[in-house]
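A.B. asks: The chain contents come next:
Protein chains: 2
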Amino acid sequence: MNVLIVFAHPDPRSLNASLRAVAVEELEAQGHSVEVTDLYAMGWKAEVDRADFPALDPDARLKVATASGDAVAADTLTEDVKAEQEKLLRAEVLILQFPLWWFTMPAILKGWVDRVYAYGFAYGVGEHSDHRWGDRYGEGMLAGKRAMLIVTTGGWEQHYSPRGINGPIDDLLFPINHGILHYPGYDVLPPFVTYRVDRLDEAGFEQAAERLRERMRTLDSTPPIPFRRQNGGDYLIPSLELRPDLGAAGSSSFKLHLQREG
Amino acid sequence: MNVLIVFAHPDPRSLNASLRAVAVEELEAQGHSVEVTDLYAMGWKAEVDRADFPALDPDARLKVATASGDAVAADTLTEDVKAEQEKLLRAEVLILQFPLWWFTMPAILKGWVDRVYAYGFAYGVGEHSDHRWGDRYGEGMLAGKRAMLIVTTGGWEQHYSPRGINGPIDDLLFPINHGILHYPGYDVLPPFVTYRVDRLDEAGFEQAAERLRERMRTLDSTPPIPFRRQNGGDYLIPSLELRPDLGAAGSSSFKLHLQREG
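Heads up: the protein sequence lines correspond to chains H and L, in order. Residues in the first sequence are numbered consecutively from 5, following the working numbering. Residues in the second sequence are numbered consecutively from 5, following the working numbering.
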């Protein structure tokens, strides 16, 4: 398979860089081909602004969705963005790797999403009708592919547990797993998370590395997070609220958007 | 009061810019003084990198928390970051205003958080002991101040409702309200959210503007979101899990971190 790793750490000698090397080595040992987008190394521009839409009339207002859709249609996106979109289309598996900063991804990676996820590419795709609300949440340009997160955090695992003060890690990552990865179609694998990385000794690193190798060996057999598909009949259209007979009554957690298992 | 608005939209003629003008006008009419950090207008640098730590040994690894803490202690943060920290210390109220892009803030604003929230300023503050885990989640350098979000989104309100497909808006914003604002001490007011902004006509805008004026008039009387305090006795230390007798048994939603009302 073709695997794309989008990597967001500023230090080439960081723990994240070491884990990335472990992942790449194991993937290549399994016969996969790996491409890496190293955002800091390439000087990725994080901000969406007018420079992203060179064909936009200088006097026109910058409406991002409109400008983005026009640029996709006319093939006038900037070269850096087009190159990333081509990588996404080539890759059967996408991995986003980053340290958790303030409970989400670093700005440079958010800027990769904001800029590469153009209208007509990652959103604004497909027909709207009585039984479809576009191709999204399980459908879209990237459907049929798999994606997963590799995340490090300085905090303790218990602080991210179901009753931990930071909130459960799966809920903190829901806006990314569901809103950024499942949205344009990916089947999303459970995240690989390493905690208390500032205190990791050599034995701890080797344990993390071995867990990561195992995840890289099982990329195509690991069951994805069972997010519901938007157009599969579970949601009312156009309100896109979960059907009243599905999910726990009275519940309003992100878990509503998981299919019942078993 | 002193109010700081940190604003993140690339177009000075955007709906967000119009709403900002409404907020500023109403705040000034109420006798408040308003400062604006317009991230795009000032060309804010979004990426945390070595340039943020000019005193860091060029041969040293960049460990962000360590470098950040050292720079705070030695007063060697860059001028742009120090200026923002001074604004935060001056302001009794902080407002973050942004369009919701991919279910969170735009990269440029995340980069303001990543860079301004230095170790020893917004985290890594206070004593750790048997009954305290640092000054955070309701305590810290910015305690006693209020904060709130002003957010616009193209999506429908129902899609962000308790059973809506995107997830409930309050849960999507929890990593920001709880993890970014409550963390260094703020009392966090409920967010001001405007939906379907791409379809907003003049009457719709005037309605939104009037709702916003009302929120600006009631900044100091609106009850904050009742997030629990970390060191108030509700959490076990050091696991920082909610005490077993608090919150709904078996629940693992973000709502566990709200005090029971009434």
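Everything labelled a hint here was simulated from the structure, so no lab data went into it. Please note that the accuracy of each hint is not assured.
Which copy is meant is left open, so a pair is good if it fits within one copy or across any two.
Claimed, not checked - The calculated PhoX-like cross-link candidates involving lysine-lysine, where the alpha carbons are at most 25 Å apart (straight line), are:
id, residue 1, residue 2
1, Lys-149, Lys-67
2, Lys-86, Lys-49
3, Lys-49, Lys-67
4, Lys-259, Lys-86
5, Lys-91, Lys-259
6, Lys-49, Lys-259
7, Lys-259, Lys-67
8, Lys-149, Lys-259
9, Lys-86, Lys-149
A.B. asks: Checking each numbered hint in turn, tell me which of them this model violates, lowest number first.
C.D. replies: When the structure is compared with the hints, numbers 1, 4, 5, 6, 7 turn out to be violated.
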